[in-house]
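Chemist: Model the placement of chain B on the given structure of chain A, informed by the hints.
Protein chains: 2
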Amino acid sequence: MAGAARTGEAGAAEDAQPPRRGRPRLEAPSPDFVARREEILSAAVEVFHVKGYDAGTLEDVAEALDLRRASLYYYVRSKAHLLYMIFERALDTALGKLEAYRAIEDPAARLDALIRHQVLMVANEPSLFTVFFDHRPRLNERYEEAIRSRERRYLSTIREVVNDALEAGALPGIEPRYATQAIMGMASWTYKWFDPERHNAEEFAETCSRLILRRRAGRGGTGRKKPRAG
Amino acid sequence: MAGAARTGEAGAAEDAQPPRRGRPRLEAPSPDFVARREEILSAAVEVFHVKGYDAGTLEDVAEALDLRRASLYYYVRSKAHLLYMIFERALDTALGKLEAYRAIEDPAARLDALIRHQVLMVANEPSLFTVFFDHRPRLNERYEEAIRSRERRYLSTIREVVNDALEAGALPGIEPRYATQAIMGMASWTYKWFDPERHNAEEFAETCSRLILRRRAGRGGTGRKKPRAG
Numbered sequence: 001m002a003g004a005a006r007t008g009e010a011g012a013a014e015d016a017q018p019p020r021r022g023r024p025r026l027e028a029p030s031p032d033f034v035a036r037r038e039e040i041l042s043a044a045v046e047v048f049h050v051k052g053y054d055a056g057t058l059e060d061v062a063e064a065l066d067l068r069r070a071s072l073y074y075y076v077r078s079k080a081h082l083l084y085m086i087f088e089r090a091l092d093t094a095l096g097k098l099e100a101y102r103a104i105e106d107p108a109a110r111l112d113a114l115i116r117h118q119v120l121m122v123a124n125e126p127s128l129f130t131v132f133f134d135h136r137p138r139l140n141e142r143y144e145e146a147i148r149s150r151e152r153r154y155l156s157t158i159r160e161v162v163n164d165a166l167e168a169g170a171l172p173g174i175e176p177r178y179a180t181q182a183i184m185g186m187a188s189w190t191y192k193w194f195d196p197e198r199h200n201a202e203e204f205a206e207t208c209s210r211l212i213l214r215r216r217a218g219r220g221g222t223g224r225k226k227p228r229a230g
Numbered sequence: 231m232a233g234a235a236r237t238g239e240a241g242a243a244e245d246a247q248p249p250r251r252g253r254p255r256l257e258a259p260s261p262d263f264v265a266r267r268e269e270i271l272s273a274a275v276e277v278f279h280v281k282g283y284d285a286g287t288l289e290d291v292a293e294a295l296d297l298r299r300a301s302l303y304y305y306v307r308s309k310a311h312l313l314y315m316i317f318e319r320a321l322d323t324a325l326g327k328l329e330a331y332r333a334i335e336d337p338a339a340r341l342d343a344l345i346r347h348q349v350l351m352v353a354n355e356p357s358l359f360t361v362f363f364d365h366r367p368r369l370n371e372r373y374e375e376a377i378r379s380r381e382r383r384y385l386s387t388i389r390e391v392v393n394d395a396l397e398a399g400a401l402p403g404i405e406p407r408y409a410t411q412a413i414m415g416m417a418s419w420t421y422k423w424f425d426p427e428r429h430n431a432e433e434f435a436e437t438c439s440r441l442i443l444r445r446r447a448g449r450g451g452t453g454r455k456k457p458r459a460g
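In order, the protein sequence lines correspond to chains A and B. So in this note's numbering, spot 211 of the first sequence is number 211, and the numbers just go up one at a time. So the number in this note's numbering is just where the residue sits in the second sequence, counting from 1, plus 230.
In case anyone wonders, no lab produced these hints; they're calculated from the structure. Treat the hints loosely; a few may be bogus.
[What the hints assert, rightly or not] No more than 27 Å apart at the CA atoms, straight line, and that leaves these computed lysine-lysine pairs for DSSO-like:
id : chain 1 : residue 1 : chain 2 : residue 2
1  : B       : 281       : B       : 422
2  : A       : 192       : B       : 327
3  : B       : 281       : A       : 192
4  : B       : 422       : A       : 192
5  : A       : 51        : B       : 422
6  : A       : 97        : B       : 422
7  : A       : 192       : A       : 51
8  : A       : 51        : B       : 281
9  : A       : 97        : A       : 192
10 : B       : 327       : B       : 422
For clarity, every value in this text was computed on a predicted model and none was experimentally measured.
Bound-form chain A, shown alone (with noise of 0.2 Å):
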């Protein structure tokens, strides 16, 4: 995209080859490595979150970490390449228990489920989330196609879900698509206002959903098409 960053790795060649997590040289790298990367990134969500990816700097995950700059370079190639691990670690999150939820029998508790899960992930994790949603624009287009197409997978699976609670009589008449981007706004704006100190997750959770699905409390019933006065 225009004006993204570009860092100075790579020529054609490299370009060519899908991305590859970790250290080049091992196939699988080993726990402390792991652990370091990890933590590693958990800087760099600090970072990227408050000085903003542009005005981010290695540097500056460096020193968060008391860490000399060239022994980052052990753990991540370039402020590129760990931008596109922090979107892997938002996407590990929100695609890791999409399968649990997707097996829930009614239409209506799987989309409730799938509506809580999406406000919590977010509300969880401010700093991951706001680097994923407000630097998307910022990825290196070699990652670009890795990360669409775990997003498309998430996002897919939601109007499937969307569409089965429509189908059920959930939902009203509506447009699938338009509704999944809708009920995805809803939850994921969260990260623009919620304030954990002042705000509940769960509360919030429990509003989208009756909003959405017209439910009464708690969580287990999805009494459908119930409406209560406020």
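Modeler: Showing chain B alone in chain A's frame:
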């Protein structure tokens, strides 16, 4: 906010004054002055949208208009001031028709109008609202209070309308502050995914309105509590 770019402008005395718009020496800027400044704002919106606020420069804005950077200072005080004026423009758009919508008698129709307003406003000016939503933490402290108080006015109007819809039985039993954020999120998130070449803003607004108000088709009818199966 930590890491926000600070410009070199302003001493403590000037900081203590409320922000003023326009050229300091004139009481009422000329129409030509205002028109030129609007052009500068529009160019700055595009620059900050594409490059981000940190990476975008006054030089970029001047270049987009074929102006010398020095000429820009006749219209804007600094990059921070430019961002503030962009935020003012976004809030002018948001608050502009608010009183008219507020005057709608039926509580459900009133909320319906506000949902559509928020969706269409964001969908019609994606660059303006991307800068507004994503660069909010970059706003200079000295402008923070002016912007925050107008934002609060907007949000509290929406909350009032949500409350009225709730009391009229057009919404399920929910927490009105959370419901307000849920509705704003659903509508505002548009700027993250909406593509004018592939999507239809009116149809998306219709989807949001039906989801929230369980309306049937048609702008006028706000048939409450009548979900229609897909």
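Chemist: For every hint, state whether the structure bears it out.
Modeler: Structure-based check of all given hints:
Proximity of residue 281(B) to residue 422(B) is assessed by CA-CA distance (about 16 Å); at most 27 Å being required, the pair is judged to hold. Distance check on the hinted pair: residue 192(A) and residue 327(B) sit about 24 Å apart at the alpha-carbon level, within 27 Å; holds. Distance restraint check for residue 281(B) and residue 192(A): the Cα-Cα separation of roughly 21 Å lies within the 27 Å cut-off, and the hinted pair is therefore satisfied. About 13 Å separates the Cα atoms of residue 422(B) and residue 192(A), which keeps this hinted pair within 27 Å; it holds.
Restraint check: the Cα-Cα separation between residue 51(A) and residue 422(B) comes to about 21 Å, which is no more than 27 Å; the hinted pair holds. The hinted pair formed by residue 97(A) and residue 422(B) meets the criterion: a straight-line CA distance of about 24 Å does not exceed 27 Å. Among the hinted pairs, residue 192(A) with residue 51(A) is consistent with the structure: their alpha-carbon atoms are about 16 Å apart, no more than 27 Å. Restraint check for residue 51(A) and residue 281(B): satisfied, since their Cα atoms lie roughly 15 Å apart, inside the 27 Å limit.
For the suggested pair residue 97(A) and residue 192(A), the alpha carbons sit about 24 Å apart, so the restraint of at most 27 Å is met. The hinted pair formed by residue 327(B) and residue 422(B) meets the criterion: a straight-line CA distance of about 24 Å does not exceed 27 Å.
Comparing the model with each earlier hint shows no violations; every hint is respected.
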